[in-house]
Structure formats: structure tokens, C-alpha cells
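Taken in order, these protein sequences are the chains called A, B and C.
Our numbering numbers the first residue of the first sequence as 1 and each following residue consecutively.
Our numbering numbers the first residue of the second sequence as 1 and each following residue consecutively.
Our numbering numbers the first residue of the third sequence as 1 and each following residue consecutively.
Quick caveat, the hints were computed from the structure, so don't treat them as lab data.
Just so we're clear, the structure is a prediction, and the values are computed from it rather than from any experiment.
Any given hint might turn out to be false.
Within a straight-line C-alpha distance of at most 35 angstroms, the following computed DSBU-like cross-link-like pairs (lysine-lysine) qualify [stated by the list, open to error]: (1) K60(C) with K130(C); (2) K271(B) with K130(C); (3) K149(B) with K60(C); (4) K245(B) with K60(C); (5) K130(C) with K245(B); (6) K16(B) with K45(A).
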Amino acid sequence: MPEINVPSSIKDLEQVQSVRTPIRMEYTFTPGVAAQTYLREFANKKILGAVSPVDGAVLVPPRGADPRYGALCDEFVEMPHTGHIGSFCVTNVPIPGRELELPYISAWIFLDGADIGFLNLVAECPPEECRIGMRVEAVWKPDDEIGMTAENILYWRPTGEPDLPFDEAGVRGWHVRGDGESDA
Amino acid sequence: MRKVAIVSAASRQEEKMLDNEVELMVPLISKVREETGLDQTEIGFTCSGSSDFLAGQAFSFVMTLDAVGPVPPISESHVEMDGAWALYETWVKFQMGVIDTALVYSYGKPSPGSLQDVLSTQLDPYYVAPLWPDAHAIAALQARHLLEKEEISLQHLADCAVRAGTVENHEEYYEQQILADPLRPADCPTYADGGVAMILAAEGKAEELCEKPAWITGIDHRIDTHHFGARNLSTIPSAKKAAEKAGVHKADIDLAEIHTAYTVHDVLLRKELNLPLNPEKSSKNHPIKAETLMASGLLRIAEAARAIWDQEANRTLAHATSGPLMQQNLMCVLSGEKE
Amino acid sequence: MNPEERLSAPIVLEYPFTRTTGPVIGAFMTGLREKIILGIKRDDGTVLVPPTEYDPVTSKALTEMVEVGQTGEVTTWTWVENPRDQSPWDSPHALAMILLDGSDTPFLHAVLVEEPDHMKTGMRVSIKWKKETEGHIQDIEGFVPEKENHA
């Protein structure tokens, strides 16, 4: 880098090396049609899934499209509040802003009848007993605290029913285009 | 140069959209694929343009790929620019000879955020952005310069406002209160949510997909310095250079779709490109009336192609701009003939 | 669905950036801290204010920093009636391109006058510094009409 010549008046002074340039952006986020439909029913303690117009796969939560095909999903189906764990992770390190007792379990929850999972907490289960295929059910907030928010379900707990076989657990919505067969 | 054409386009603009970006883009992308009969697996390259700051989400374009259907894995790219630049990248990919078809799209939803704050963050972060000038103020600095140098007149601005449809007539224009001195509300853009999708195809394929392909006979983009003080506010060298390189003036232009969100930009660019100041035909959805950040430029290209498909014009110019004081400019010349 | 019924939720994103300056912008900021304005010489002898490490037109590296004046001329301006939340200014003011004496490129800053009628292209203005300076473009509180500052 070439030498910069500065006037003698500032030459021997401590040079500024950085400047503060904070920025703040305010948004009023709108969730879109599908997520809005989902949230409204979620406030009634109902979980909606979206049905793929291509092959009937059920996608939870609905995001407006079947992401595999770029097809609009405007048909909804009510889902049960039970499912299984497709995969999970035990966290032993605190995360700023999350006041959860350590260790805690995050899991991909696959609702019965759903082809894809979503991330949520699992509790009432010692980490060493958590398993892929383990059956779980939703534990909701008290009825008077339920609203249009993802926080409605506090966590998922084991039902005690027999596990889903390991090979059948997890993603079932990953079809190869056109043949409808699972390649997961 | 490999000959490439736009063979299908679909767009939508609304003041405030309920749909999210995926819900906005699915019908548009579906429409252009259906119109050309192409399945996503038959599309060689997909390229999009959008802004994370506008969406308020990092890597927001990844979510919008849900609207494309990237399974099995597609060849894809994205620009943090107006979709017109995504089209340019795609055109380069055609020139490399590695694709015969492509999907290009872009979208912007300014309604959830503070657009003026987003626009301020594109300015020089040391010297200008901390002063938070809004886009209207920056356009106004140029407008006053041009008016006082008598390089443009208020009459020019009023004519443009009427042409863009932001006012009915001159009287209404002059009655408006000043918004950003010397600019009136009618000189400044009204923002809209929106998106546009299009299919491009190379010679040999384009003729199969479209009755009258809109051939890209020239395309170029150039940039001027971001240092305001080093810019001559009377001229837009990047626009002139891009126009020269794209061969804009090699033959008559029947229709110019220019991306000018301010009357002052419209008048100045027309002067710089020797375009008629008061063209017989005005743009539908002039950007002053409906400016969709990240999509307005690609939308101009779509409109310029549509004029060729509808046989309203045979040689059209589409222009896209980005940045303060029209810092970056892209010129795309379309023709009904391969030339 | 009726758009009136749309759900919405506020999201605020904050980016608490601190940017490193490099030697040229750093020297300019050091100058602001010391209440002087520095520019940088271009190959043709003209002076670029504010300075960049390179010539914005030819992209050649620039190295020779020089002090310029604290008074200058408004080359164009606009009026901000309602400053935005993050603006350094709370009250109506002009934004102007100001060509400082000894500089060849105007730069953007505020002119602090009561109303747009007090603004005119070509008017002479001088810098009004903040009491406390730290090396930031906001160390300049704004510009005021030249006579006013000397009064």
C-alpha cells in the first residue's frame, strides 16, 4: 500500500482507525396468506398442514408452496397433535437470549400424517433416553395464554407408545420428481 | 455473439401485498413455465434478484426458491440487484454456451419496512449514510442543479408527471406543495410491492417456444462513482456508455421503457440518450407511479419485450437503474428481428 | 382474504457496526476530531473532499493529503422539513452540496437555517463544529451562513 502523506498538523497525533456507523431498520412483518391461515387456527389450538397439489404430501407448517415443485398449496388439512422424533440435538451450551434450563433437547418433530418435520423442544425426557423414532405429543400453554404465536406449544413429551422403527422415522416427503417414490 | 431472446414474461404490482414472496412468485413463475411448456428440469439456469435489507432477512432469496421448486437440484444464482442484472448474468451464461433456456425473476416488497432507511444504507457508509439523506433529497439536489443551470425546466418535470400519470395536468402539478425542494410529490415515486418472472431462450429454441421472440440485440451495464462530489450532476456517463455499448442508436427505437423513478431522472436520461422528451406512448405503470425496488428494471425489460410480442414495436429499449443519482445503468435493446 | 385483516408483527434489526477506516478516511476523521478538513490531491492537481484512497474517476491511488478551508459555497441544496428518526438533526434544515475553499469537489452536509427562503445556490457558508469531536462525519454540526458564524 502506498505511503499516505498527511499534513504536519495531524501527523503526530493518534489516528482515528474506526468510526461508529450503527443502523436500525424497523419492519412490520406480514406472514403471507398460508402462514396467516395457519396462525389463526393455531390460536384455536389447531395445527394445519398444507397439502401438495402435486402428490398430496402434507407440509407442516404451511408456507404457501410445495418447495419441491414450486406449486401453490392452498388446501389445508388439520393435523393430530402427536408425532415422532425424526432427529434431535442435545444442547449443553447456553445461548444469549434463550432462557432454557440446560441441557435441553431440540428435535425435528414429524406429526402423524405429515411428510416433513419442524423444529421444536422436547422435554419431560432425560436426554439420554431421547431416540429417533420416539413418539411424542404436544404440551400446550394454558388455554388463556394461547395466541397467534409459535410459542403456543411449550414443548413435546414422550407418549410412552412403542417407537416408530428407525428406518421409517424422519423425512418422507423427499420424492424424486415425477415418480412419487421416496428416496430418503 | 449467441442470439438470445425473451420468450415469456409475467408480472404483478400492488401497493401493499398480503402474499409473502413465495406466494407472490409461484403464480408468475408457473405462468411463464406453462406459457412456454417448460418444466423446471428443462430450464438450464435460474437467476434471481432481490434485496435482503428490503426483506429484513439474511439470505432471503433462498426462501423464495421455494417458488421455483429446486428439486432435483437446479443450476441457480442470485444478485443483490434489480432483476435486470440477473438477466445480464443469465445472458453471459448463454454466451458461455452452457445453457439454452433460463428462468429470470426478481421481486421486492417495500411495504413491510422503512424503504427510505433501506435506501440510505446503500450510500457511502463513512461520509454520507450517517447523515441519513433520503432518496427524495438526493434526487432533489440533482433537480435543483439542473433547473438552476437551465438544463431542464419545470415544464419538463410537469410534462413528465402528467405522462407518468402522477397528476392529471400541469395545473394540478403546479398546485402541489413542495415535498423535497424543488420536487413535488408528483415528481417522486410511489412505491409498490411486486415481482416479475421471464423465460429466455437461445436461437434454435426460442422460435419453438414463442411465435415472435424478443431478441436481445445489445445489452450492457456501466457504473459511475459513488463519490457524489466527483459526479457531474448534469450528465450520466454510465448511461451513455452503456447505451453506446448496447448499440441503442444503431437504428430507430420504437419504444423506450426507462427505469426512472423521478421526473428529473426521466427528463435527464431522455436528454442523455437523445430520446423524445414527450414520447407518443408512455410506459404502463411508469416507475414514478409504481416503483418496485429490485423488480422495476426487469419489469421494464418485460414491457419492452411485450411490445414486440404484441407487434406494437419492432425495436425497443429497456433501461434499468440502481443506486443514488442513477449511479448504475443497464441498457437492453430488444428486436423482433435477430439482426 | 381481506387485507384489512392482515396479521403483522414488528421486527427491528439493528446493526451496531464499527467500521475500520484505513489510512485516508482515518486521516480525514482525525482531522474532523481536530476540527480541520482534509482533502486529497488528484493527479491533475485538483483536491477531492472528502478524500478516498483512489481517484473515483481514474481509480489511481492517491496519497497527498492537504488541508482545505472551513468556508465554502453551496452548489445545490434541498430542504428537509421532517428529519427522519436516525437523522443527526431534529429540526428542519437544508441538505446541500458544499464546495469548500481549496477543494474541487462539493460534499454533502446540512446547512442550518430556519427556512428554505434563507437558502440560495452560491451562498457562502462556514462550518459549525460540535463542541465535542471524536472523528466522525457528525462532528460537523452543520454549516451556517458565513456572516452568521463570524458574528
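Need the list of violated hint numbers for this structure, in ascending order.
2 and 5
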